[in-house]
Amino acid sequence: MAEFHGYRRPHHGTQPDHLHRPYVSSIKRAPSKPLVQLPHTLSEVTGPSFDSSMIDVKACDLTKQQKGEPVGERIIVSGRVVDEDSRPVRHTLIEVWQANAAGRYRHAIDQHNAPLDPNFEGSGHALTDEQGQFRFISIRPGAYPWRNHYNAWRPAHIHFSVFGPAFATRLITQMYFPGDALLPFDPIFNCVADESARNRLISVFDWDTTICEHALGYKFDIVLSGRHSTPWENK
Amino acid sequence: MILRATTSQTVGPYFQIGLARFCVDDLTAPGVPGERIEIEGRVLDGDGEPIPDAVIEIWQADAEGRYPPEPDAQEADGDVSNRNRNQSEKLAFRGYGRIPTGSDGTFHFKTIKPGRVSAPDGTRQAPHINISVFMRGLLRRLVTRIYFPDDEANAEDFALKLVEPARRETLIAKQSVKEAGLLEWNVVMQEPNETVFFDV
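For the record, the sequence lines run as chains A and B.
Numbered per the working numbering, the first sequence spans residues 1 to 235.
Numbered per the working numbering, the second sequence spans residues 1 to 200.
Bound-form chain A, shown alone (with noise of 0.2 angstroms):
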């Protein structure tokens, strides 16, 4: 049988309860019994993955997917996939998906009563470099109400799929952006109680991404789990 280690478990407070009443849609959808605890099994240290050949390189550029430019604040968004250990996650999947710049979805069930842009599709995906790095190019996506609450709005947001080296590491997480006044109010943004988790899902605006007379450039780097150092420490 070869030797394998597992992946560690998530630092206490950093990821979500199922449960997270504030978010009313938890409530029917969130498990009522105790999860069970799986020590890792060749299962879970394995996972899919995706090549070159399975990526459109144009992808990446949610601005040049239709004939025109989209409206809105052209953003460049830029990062690395790492593990716990700091360790480049290289060649994984990210998929990212947003709303335009107006606060709509290119999606039948969103009836927000905003503008489609035909120039913006709102999809992208690309894999990581050999160092774990990727960059996308969009536009900053706007801000839109929910009906969590009562005068409920998101805030902008870009959600983001990565699988990382196993089924265990995958991850889909949402990107916000800093400084934005909604961040303190929503429910999903504020399911952790460590601040600190929290305030990672903030991009930081960076200048040296920033292109001049361009667009702006905004740093997020994504930490997936990191394995264990000996086998079956998870146990």
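Calculated from the structure, these hints are not laboratory results.
All figures in this text were calculated on a predicted structure; none of them were measured in a lab.
A few of these clues could be false.
Taking lysine-lysine and the DSBU-like style, the derived pairs with C-alpha atoms no more than 35 angstroms apart in a straight line are [unchecked claim]: (1) 219(A) - 33(A); (2) 33(A) - 110(B); (3) 161(B) - 58(A); (4) 161(B) - 28(A); (5) 110(B) - 161(B); (6) 219(A) - 67(A).
Given chain A, work out where chain B should sit, using these hints.
For chain B alone, coordinates are given in the frame of chain A:
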């Protein structure tokens, strides 16, 4: 310095925009050895209502109980003939699927029955499909497994043994009453009959 893993967030209601491109509901391909199976089911909320905005992801071994290799593992392999073989196998069976639920909360996929893979205690696990569940309202992925009916290996399975006996059947697919060969397996979010979810 040890970093902390990024906080999970819900996929929200509009994930189809971002996740559509890599949806796969047929994991079989011509030439892939193994018993063809079809599984369908529903995702149900705490009121027993179907959930139309969920997505499940599949990760499974091939019929021989081997997980598809990572590209890195192939590149590290200096034997060119072996590498070619690995690549053709990878193209043939990727072990990956992603199926959003329909407006009636249903999902349906085709795959091959996986073989047995090793367990940490030295035994071999019963054939199973690893499942990730995402949906609007779920802040963090849920993980569960699909096992197969009437498989003797279930009795000695590493993960099933961790589950109280009365709840194990939520992890085992059933023969569908609709047609022979079709398996049914549902994701039930809350009691009674709540599906067993694993903390991985």
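Here's how the hints hold up against the structure:
In summary, the hint linking residue 219(A) to residue 33(A) is not supported, as the alpha carbons are separated by about 38 angstroms, beyond the 35 angstroms threshold. Distance check on the hinted pair: residue 33(A) and residue 110(B) sit about 30 angstroms apart at the alpha-carbon level, within 35 angstroms; holds. With a C-alpha separation of about 47 angstroms, the suggested pair residue 161(B) and residue 58(A) falls outside the 35 angstroms cut-off, and the hint is violated. Among the hinted pairs, residue 161(B) with residue 28(A) is consistent with the structure: their alpha-carbon atoms are about 28 angstroms apart, no more than 35 angstroms.
For the suggested pair residue 110(B) and residue 161(B), the alpha carbons sit about 27 angstroms apart, so the restraint of at most 35 angstroms is met. The suggested pairing of residue 219(A) with residue 67(A) holds, with an alpha-carbon distance near 28 angstroms, which does not exceed 35 angstroms.
Comparing the model with each earlier hint shows violations of hints 1 and 3; every other hint is respected.
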